[in-house]
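Undergrad: Let's have the full structure, built from the sequences with the hints guiding it.
Quick note, the sequences are listed as chains A and B, same order. Residue numbering for the first sequence follows this note's numbering, beginning at 1 and increasing consecutively. Residue numbering for the second sequence follows this note's numbering, beginning at 112 and increasing consecutively.
All the pointers check out, no bait thrown in.
In silico lysine to any residue, SDA-like type, Cα no more than 20 Å apart, as pairs:
hint: 1; chain 1: A; residue 1: LYS13; chain 2: A; residue 2: GLU75
hint: 2; chain 1: B; residue 1: LYS160; chain 2: A; residue 2: GLU99
hint: 3; chain 1: B; residue 1: LYS169; chain 2: A; residue 2: TYR101
Restraint-style ranges between C-beta atoms, simulated for each label pair:
hint: 4; chain 1: A; residue 1: GLN41; chain 2: B; residue 2: SER191; range: 26 to 32 Å
hint: 5; chain 1: A; residue 1: LEU39; chain 2: B; residue 2: ASN179; range: 29 to 35 Å
hint: 6; chain 1: A; residue 1: PHE69; chain 2: B; residue 2: SER137; range: 32 to 38 Å
hint: 7; chain 1: B; residue 1: SER217; chain 2: A; residue 2: PRO61; range: 19 to 25 Å
hint: 8; chain 1: B; residue 1: GLU177; chain 2: A; residue 2: LEU11; range: 36 to 42 Å
hint: 9; chain 1: A; residue 1: PRO70; chain 2: B; residue 2: SER191; range: 43 to 49 Å
If you want the ones that stay clear, here's a sample from chain A, every Cβ over 12 Å from chain B, calculated:
hint: 10; residue: GLN18
hint: 11; residue: VAL19
hint: 12; residue: PRO62
hint: 13; residue: SER65
hint: 14; residue: LEU67
hint: 15; residue: ALA80
hint: 16; residue: GLU82
hint: 17; residue: ASP85
Quick caveat, the hints were computed from the structure, so don't treat them as lab data. Note that CB positions come from ideal geometry on N, CA and C, so glycine has one too.
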Amino acid sequence: ETGVTQSPTHLIKTRGQQVTLRCSSQSGHNTVSWYQQALGQGPQFIFQYYREEENGRGNFPPRFSGLQFPNYSSELNVNALELDDSALYLCASGAGTYEQYFGPGTRLTVT
Amino acid sequence: AQSVTQLDSQVPVFEEAPVELRCNYSSSVSVYLFWYVQYPNQGLQLLLKYLSGSTLVKGINGFEAEFNKSQTSFHLRKPSVHISDTAEYFCALIRMDSSYKLIFGSGTRLLVRP
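TA: Laid out in structure tokens, this is it:
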């Protein structure tokens with residue numbers, strides 16, 4: 001059984017650009033959630049997808065969007081990047097229950 | 112609204128000493144409670160969870176936590192720590208009626224010294 005994987009590991013972007021982060025869920029899981037972890041803080045919930053539909057959203061602006069594909073892989077897209085978007089982005093998958101299994105994260109730096 | 116408070120940003124302790132990491136929560140509805148550990152440059156790993164039943168829950172790596180409803184606390188303990196326990200520890204909750212959104216505390220850095 002494979003775990004949750006994310007790509008890329010690190011990414012550097014310029015303010016105003018767009019970025020796409022990718023996640024491959026753990027086998028058998030049908031939900032995927034994305035979290036933003038700023039330096040020195042706990043993760044903040046961005047949104048969750050269940051069966052390719054958004055299932056809940058945190059306090060993030062619409063320029064944060066996502067997709068979930070039939071094979072349960074997922075993307076997080078962020079448009080018009082701002083300096084404050086610099087963070088570790090974590091993907092977590094689950095089997096429709098409360099338990100979520102996290103990937104290693106993508107470190108995004110916006111300059 | 113729900114919230115999680117971890118009062119200690121850093122806890123230094125000597126190897127083989129006991130440790131307690133404190134977590135308090137606030138919620139108007141029933142919740143599930145979790146502790147996660149984050150090693151440097153890694154994602155989060157589930158240490159233990161409280162869903163129902165016995166208020167003392169045991170997790171991986173010798174950690175345990177006690178749920179106290181009256182004090183709205185879920186403190187994490189280990190009787191004897193190792194150097195390898197040095198990491199960031201996060202307490203988190205999920206509402207029972209909408210179990211999709213983990214709400215995390217700000218984390219406690221456990222620093223184990225030889």
